[in-house]
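Let the hints inform the model, and build the full structure from the sequences given.
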Amino acid sequence: MIAAHLPALQIAVPLIAAPICLLLRRESLAWAWATFISWVVFALAWMMLEKTLTGGAFNYELGGWEAPWGIEYQVDAVNAFILLIVAAIGAIVMPYARASVNREIPEHKRGLFYTAYLLCLTGLLGITITGDAFNVFVFLEVSSLSSYALIAMGRDPKALTAAFQYLIMGTIGATFILIGIGLMYQMTGTLNMADLAKRLPAVEDSRPVLAAFAFFIVGVCLKLALFPLHLWLPNAYAYAPSVVTAFLAATATKVSVYVLYRFVFTIFGQSFSFDVIPLESILLVLSLAGIFAASTVAIFQTNVKRLLAYSSVAQIGYIMLGVALVTVAGLTASILHIFNHAIMKGALFLCMGAVYYQIGSVKIEDMNGIGKKMPFTMFAFVIAGLGLIGVPLTVGFISKWYLITAVLERGWWPVAVLILLSSLLAVIYIWRVVEAAYFKSGDDEVVVEEAPLSMLIPIYVLTGASVYFGIETSLPVETAAEAARQLLGIGG
Amino acid sequence: MTGSIAIIAALLVPLIGVLGIVGARHKPNLRETVTLVTATCLFILVASLLTPVLAGGRPSISLLEVLPGLSIAFEVEPLGLVFALIASFLWIVTSVYAIGYMRAHHEKNQTRFYAYFAVALSSTMGIAFAGNMFTLFIFYEILTLSTYPLVTHSGTAEAKRGGRTYFGILIGTSVAFQLLAIIITYFTVGTLDFTQGGILAGKASDVVISLLLLLYVFGVGKAALMPFHRWLPAAMVAPTPVSALLHAVAVVKAGVFTILKISVYIFGLDLLADIGVREFLMWLAAATILISSIIAIRQDNLKRRLAYSTISQLSYIILGAMLATEAGVIGGTMHIAMHAFGKITLFFCAGAILVATHKTEISQMRGIGRTMPITMTAYTIGALSIIGAPPMGGLWSKWMLGMAALEAGEVAMIGVLMLSSLLSIGYLLPVSIYAFFNTPDPQNDGKPVFKEAPALSVAALSFTALGCIALFLFPDPLHHLASLIVAPVN
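As given, the protein sequences belong to chains H and X, one line each in that order.
Sequential numbering of the first sequence, starting at 2, is according to our numbering.
Sequential numbering of the second sequence, starting at 571, is according to our numbering.
Keep in mind that the hints were calculated from the coordinates and are not lab data.
One thing to keep in mind: the hints can contain errors.
To be verified - With beta-carbon atoms standing in for the labels, derived distance ranges:
(1) X/Gly772 / H/Glu479: 26 to 34 angstroms
(2) X/Lys597 / H/Arg26: 51 to 59 angstroms
(3) X/Asn599 / H/Ser442: 23 to 31 angstroms
Cβ atoms here follow ideal geometry from the backbone N, Cα and C, with glycine treated the same way.
So, in structure tokens, the structure goes:
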């Protein structure tokens, strides 16, 4: 019974849980409920990935309405993997959240916070699971609206303007996506993805389809923060509550990348996207520019959360570079990096949340000598930071290795050199934090304690994962390779 | 004990030592005992590998496969064994020296110092025994990371600046060049295993192979080939034991060791001899030898002078590798050992002078031989060994390198070696002359007082100085082991 309705439960559980969370009123109950739901969602996502990896892709007709009239959920290796990433990050972040939220968010808003979080989770999962183009837009709005609210709850007054900026940019992006979907519907009369994929080739030379593609790509690139459409991201990440930053950084942009995969490869098809439209060169140039520009800007940040946010923009560049290669190896590297980056960036932002919890700031100059005062937190930061640089035996190395091999396979030697050079920029920005934490002495008078265990354990789960999956690579690599083959329609 | 267990133990023993050192942080005597015991155990373990390797065996172990064809694996062959033997043996001596030095110099954070030192030695063992380029690269990077806190040990602004240069050049070259070369090698050949005769022959075009050679040689920043040499003088801000063991032996030798290893086991000497850019790299090594010798003459700070001397001497080994002959590889390998003993003696002496008299500049060292006769005698022995004069071990490696140059028909290189010996006389011996034949500065009342460094330090530096002489008298075991590198496998 449960097995048959897994896709529906994946969305229904958090969606129904959200209003219940609002009714619970007591902060501790709301947190316990949200944590419980996150774990249930994680278990469901895990079962679904198992099912797709063993039994192949499957469909689910919502309410028994047959597609293309009804809404259909389609689960294959690609989105089952993304679902698992989103759900896992939620499940890891929630136990951490309580201490952090109690410190950063006023009491009367805490219930609302967990409600908004559950809605955001629902939205992100919904975008990923659905097989219906319009449904993508609906869930996109669910996740976006709830994330505007979550970001605005940040303690810094700048959080409000950051949320507003994100709201404006996010709405433009969502509108563009809607225009794109609308034009597709106009030309084909369907919103079902599989159906769209079948009908689009017949009309692909028409101007509305070209316009649909253009609107859609720009809209989705805004949401996934591809350079230079990333302007909303640094402030939103820097001023949002710590938990929100960690959760969104590890999931939100990644889900948007998934939407891009789905539309570019499954719906429009590789030949249209890359032969008719010069998407390859556009993505190649923008991702490389993004990697270098954002990494360079990251070096000059004084707020570590902002620094990591710019680093995220750069990492999106690596993910999109893999897409620009249009090969199985390239897409594998791209999907792999979604997974790996979620782990590393999640860990890094959680570390910063722990620092903020203890010293009330994440500015580099306030972190002088903190390596001695919070040894466990900062050790985790160093390990996850090494991953971001791409040091061997961490997940970051595996990503870079696959990406560079894929680039060499296309014969793009200069790009391989650029990728390695960009790692050096990561060395600099990570090392600035390390230097402050370990090699500058802070004020010894101020007593700073190590973060509580409820924070350290989630931090170490993610940090441990960043090392574990850097050594035992089979699960993410094989799943990513399978997902890449399915996207390109090669093999089964 | 089987070889594979000894390999793993050699990696783990220093790390277990770290736990002991940190555990005994409140009892300095116990802590230093732990260091000494660890170092001794390590040397015994490494020495236990000597018998199987001399018998033609290649103890090996494969730990785990990260990606298909990309595994963490170890294999002991003669070249790695020479390197591991020297590093682990000199660790014992350096530890003895360090106890005297660090206490007399009232250094802070001594626990951190000994702990990172042990980590550095563990990664040195990883480099020495690496069975493939991927494993070597991992330990190469760990070595950089673990020595960074040692370079910045004093925590001053100068130390931090030095640390940045150190870290920037070593990480920068290894990521931008070496890693790229590794990925390209893996991409074209499908393996990174060190194999007798090389793995690249016939697998890639001449252009790609030439490019790879450049990337590898420049990617090994630890070999300090110009123009990537500046990290070494910068690292001289570290406490003297670090300069002595790490920046005269472990770290820099890890660099030239890697170049020898790549030449023999990735390219193979036959392929290497046919690569056009090899000639260019050989001349660059020759230029590095001469230019850094000239820079060394102009340094007044003793440690900086020794650092530039090291840069010059390291390029001897690069030169040996780039001659692409068997004699060149043997000479290069022997020079790793000879230079290690000579240079560590010189650094020990520089540190002893600093501790006893607080002098760092050569111009302040007039007449110091009368107050510190043992130290300055040892200095002179070490200096003669670096110069390559008999009766010191340094003679043999220069001899072999000269033979190799003749064999390869590179007569100009013999000229470079000769000229370099003359230059090294010019920058090393004046210190002895100052010390023994000049009268002390008037401010010392002109009355020499016998004032040596702490006994443990003096014992250590006397020991390595005697080692230089012993290597002159008994070079054969070393030569035999080195010649096994290029001997056909039975």
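Cross-check of the supplied hints:
As the Cβ distance of X/Gly772 to H/Glu479 is approximately 33 angstroms, the hint placing it in 26 to 34 angstroms holds. At about 57 angstroms, the beta-carbon gap between X/Lys597 and H/Arg26 stays in the expected band of 51 to 59 angstroms. Between X/Asn599 and H/Ser442 the CB atoms are about 28 angstroms apart, so this pair conforms to the stated range of 23 to 31 angstroms.
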